[in-house]
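**Q** Chain by chain, the residues:
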Amino acid sequence: MKEMSVVKKSIITAVCLALCVVLPQAFHAIPNAGSVYLPMHIPVLLCGLICGWPFGLLCGLAGPALSTLFTGMPPVAVLPVMIIELAVYGLVSGLIMSLIRTRKTYVDLYISLIIAMVTGRIVAGLARAFIFARGATTMATWAASYFVTSLPGIIIQLVLIPTIVFALMNARLIPRRYPKSA
Amino acid sequence: MPIEIKHASYTYFPGTIFESLALQDFSLQIDDGDYVGIMGKTGCGKSTLIQLIAGLMPPLEGQIIIDGKDINARDYPREELRRKVGIVFQYPEVQLFETSVEKDVAFGLRHSGLSKTTIAENVRWAIETVGLDFEAIRAESPFSLSGGEKRRVAIAGVLAAKPKILILDEPIVGLDPRGRAAFLELTTHLNAAGVTIIMVSHNADAIAENAQRVIVLEDGRLLINAPAKHAFRDVALLQEKGIGISPAREMAHLLSACGHPIPQDTIRYQELLPFLINIGKGASR
Amino acid sequence: MNRLPTGMYLPGDSPIHRLDPRVKLLGLFISVTAIILVRPLIGYGVILAFLAFTVALSGLSIKIALNSVQRLSWFFLVIFMMNTFFYSPENAWFSWWIFTPSSAGLMQGVDVVLRVVFALVASNVITSSTAPMEITNALEALISPFKLVGIPAEQIAMILSIAIQFIPTFSEETEMIRKAQTARGARFDSKKLTEKAAAVLPLVVPIFLSAFKRADELSIAMEARGYRSASGRTRKKFAPLKVDDYFALLIVIAICILQILIR
Ligand SMILES: Nc1ncnc2c1ncn2[C@@H]1O[C@H](COP(=O)(O)OP(=O)(O)O)[C@@H](O)[C@H]1O
Ligand SMILES: [Mg+2]
Numbered sequence: 001m002k003e004m005s006v007v008k009k010s011i012i013t014a015v016c017l018a019l020c021v022v023l024p025q026a027f028h029a030i031p032n033a034g035s036v037y038l039p040m041h042i043p044v045l046l047c048g049l050i051c052g053w054p055f056g057l058l059c060g061l062a063g064p065a066l067s068t069l070f071t072g073m074p075p076v077a078v079l080p081v082m083i084i085e086l087a088v089y090g091l092v093s094g095l096i097m098s099l100i101r102t103r104k105t106y107v108d109l110y111i112s113l114i115i116a117m118v119t120g121r122i123v124a125g126l127a128r129a130f131i132f133a134r135g136a137t138t139m140a141t142w143a144a145s146y147f148v149t150s151l152p153g154i155i156i157q158l159v160l161i162p163t164i165v166f167a168l169m170n171a172r173l174i175p176r177r178y179p180k181s182a
Numbered sequence: 183m184p185i186e187i188k189h190a191s192y193t194y195f196p197g198t199i200f201e202s203l204a205l206q207d208f209s210l211q212i213d214d215g216d217y218v219g220i221m222g223k224t225g226c227g228k229s230t231l232i233q234l235i236a237g238l239m240p241p242l243e244g245q246i247i248i249d250g251k252d253i254n255a256r257d258y259p260r261e262e263l264r265r266k267v268g269i270v271f272q273y274p275e276v277q278l279f280e281t282s283v284e285k286d287v288a289f290g291l292r293h294s295g296l297s298k299t300t301i302a303e304n305v306r307w308a309i310e311t312v313g314l315d316f317e318a319i320r321a322e323s324p325f326s327l328s329g330g331e332k333r334r335v336a337i338a339g340v341l342a343a344k345p346k347i348l349i350l351d352e353p354i355v356g357l358d359p360r361g362r363a364a365f366l367e368l369t370t371h372l373n374a375a376g377v378t379i380i381m382v383s384h385n386a387d388a389i390a391e392n393a394q395r396v397i398v399l400e401d402g403r404l405l406i407n408a409p410a411k412h413a414f415r416d417v418a419l420l421q422e423k424g425i426g427i428s429p430a431r432e433m434a435h436l437l438s439a440c441g442h443p444i445p446q447d448t449i450r451y452q453e454l455l456p457f458l459i460n461i462g463k464g465a466s467r
Numbered sequence: 468m469n470r471l472p473t474g475m476y477l478p479g480d481s482p483i484h485r486l487d488p489r490v491k492l493l494g495l496f497i498s499v500t501a502i503i504l505v506r507p508l509i510g511y512g513v514i515l516a517f518l519a520f521t522v523a524l525s526g527l528s529i530k531i532a533l534n535s536v537q538r539l540s541w542f543f544l545v546i547f548m549m550n551t552f553f554y555s556p557e558n559a560w561f562s563w564w565i566f567t568p569s570s571a572g573l574m575q576g577v578d579v580v581l582r583v584v585f586a587l588v589a590s591n592v593i594t595s596s597t598a599p600m601e602i603t604n605a606l607e608a609l610i611s612p613f614k615l616v617g618i619p620a621e622q623i624a625m626i627l628s629i630a631i632q633f634i635p636t637f638s639e640e641t642e643m644i645r646k647a648q649t650a651r652g653a654r655f656d657s658k659k660l661t662e663k664a665a666a667v668l669p670l671v672v673p674i675f676l677s678a679f680k681r682a683d684e685l686s687i688a689m690e691a692r693g694y695r696s697a698s699g700r701t702r703k704k705f706a707p708l709k710v711d712d713y714f715a716l717l718i719v720i721a722i723c724i725l726q727i728l729i730r
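Protein chains in written order, with the working numbering: chain L, 1 to 182; chain S, 183 to 467; chain U, 468 to 730.
Hints may contain errors.
Here chain U is said to cover these stretches of chain S; the calculated rule only asks that three of the stretch's residues, wherever they fall, bring their Cβ under 8 Å from a Cβ of chain U [claimed, not checked]:
| # | stretch |
| --- | --- |
| 1 | 232-238 |
| 2 | 259-268 |
| 3 | 276-283 |
| 4 | 287-295 |
| 5 | 337-344 |
These are calculated hints, taken from the structure and not from any lab test. For clarity, every value in this text was computed on a predicted model and none was experimentally measured. Think of the CB as a built atom: it goes at the ideal place given N, C-alpha and C, for glycine as much as any other residue.
Full structure from sequences and hints, please.
**A** See the structure below:
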């Protein structure tokens, strides 16, 4: 996307951080929403895609901590793994987005998102295994189970995030990635 | 049949340090086809009241009865309520989300069970009713419109369900005088077609000029419930309570204090005008 | 929903409540390190005694200190079972399909659960006795030395404080959007996986649009005032540390060193 100023990127990051706290609360009313929609992933991935990896990384590191501080959720016990997972999302989505340019915005978005989401889940699976279980088989079981159980979330986010990005572009709140194209 | 609010109370966050009493043993009846203006200082419970009427939250005590049925009863059909009661919040344009104006306006009808053609007709009617050119705007992204157009589209999104009761919470805040006039005309036009209008506003002029009945709240209780003509009678009381008075009413009050015989139920410009002309004639003589 | 979410904070006037928030945050960090380092049984005893002492001093109830332990009980059970059944095929009681339960695994399960509960209690005490705003200010102060290694601590601090200021506003706005869409007949839940995402679009898209609109307005305002970076921002001044603060720090550091020595 056309370069935004550092000030603007900083404030967008602040806004995404605030949404890391607010969005999960908003999903409270929907049954089972937390585990299906993974609401906190959305602002972090968006922040990485839109502002680049340093900002995405910050959002992933600070978002879950801020949420625990202000709402008590996620509980402290799962916080470290969540921080690692979200930090990877913010970092990788931003990195890939800056590396690839297919001249189609949605293709860039999908590639960056998929790589970020898969890497993040693998790392988080390993981190969980490392913290909560020792021994090779235990770790492998943990990592695999985590990856499989979070697949539906991936599909939902693949629909949600590009839709939000295009809505933001249409509203001229973020610059288009390529002049006048998809 | 009317809207009946029976001894409704509402408290936010009961039992916590954030506890805040918003509505207290509140009873009120609103007749079909009425145009009700609701006034009161910020925090007196206006928004809470209308959200209870729209069924967005149940009262902690008491009942909200619409067309003879308790809307919070377990077997009450929610879908029916959503179509019967429309609510336009302050800055309604934030609710836009679809890829085209047409789809956004049709959103509320998605679960209505109406036929495709009826939905299309309703959407066209709603967009034209808010004063937009349907053919020109139907395929536009709602986000690329101007501020005023966005608000109109958002209001069309509420009107498309053809609600019998239309609730408006501070609808004219942030509009320019022309936008205000056009919006208020739309409400009177809908009211003339039989829609019950309930409008919350700080703007006493807008209420005096349009409402038939005025309700004033104070600290979650009913302070005044009277036909518009009588609601503004006690100027001293309203001023003491910090409630606005329409300019025409204020003028009538001042003129009568100066010895000019003007009826104290004068609240609109149209009613004031003949007296002003008379006084003017007297002065020039 | 809420106006300003405050998480678990319970105002009070205990010695723990009165500690400097920087000391509390640093102390939490060091205690968690000690909990990770603990090895011999007596080490667990020391940690347990320390936590019990802190909870008693804070005047918080046992229920608060153990907050979310019960909620996470299924999670602990899973950790425990996984470790017990999968830890190692060596010295297993028996081996069936992929399961190899062993006493080493059982001990491992107990150990992991115990450490997590300890860490949970330590952070519950801190988050229940310190306002979120104070913790963030403390965090700001604690990360400022990172400037020396090239991390833009001041900019991070600015981002964090803007984020916190946005939380109550967004909270109210989100609630408003939810109500507006509900009144239009929105249903946010759907059974089918493919429709689940579409079902929440009316909620999520407006939330992001109005949030980014605020970001846009604020950044225009800041740039118009010639704001380029975070320098020159006034940071909250903390009162100098008191005797209690030094004493508290000394205790946690001592416990942490002890855990290293007796490993
Ligand atoms: N979401 C909320 N959370 C907590 N308190 C609220 C909330 N909304 C309103 N209140 C409180 O309820 C009272 C009535 O508010 P409201 O109905 O919004 O009044 P009005 O619309 O007349 O300004 C106020 O004291 C307000 O602080
Ligand atoms: Mg209000």
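**Q** All hints, please: hold or fail.
**A** Comparing the hints with the structure gives:
no.: 1; hint: 232-238; result: holds (count 3)
no.: 2; hint: 259-268; result: holds (count 5)
no.: 3; hint: 276-283; result: holds (count 4)
no.: 4; hint: 287-295; result: holds (count 6)
no.: 5; hint: 337-344; result: holds (count 3)
Every hint from the earlier list agrees with this structure, and none is contradicted.
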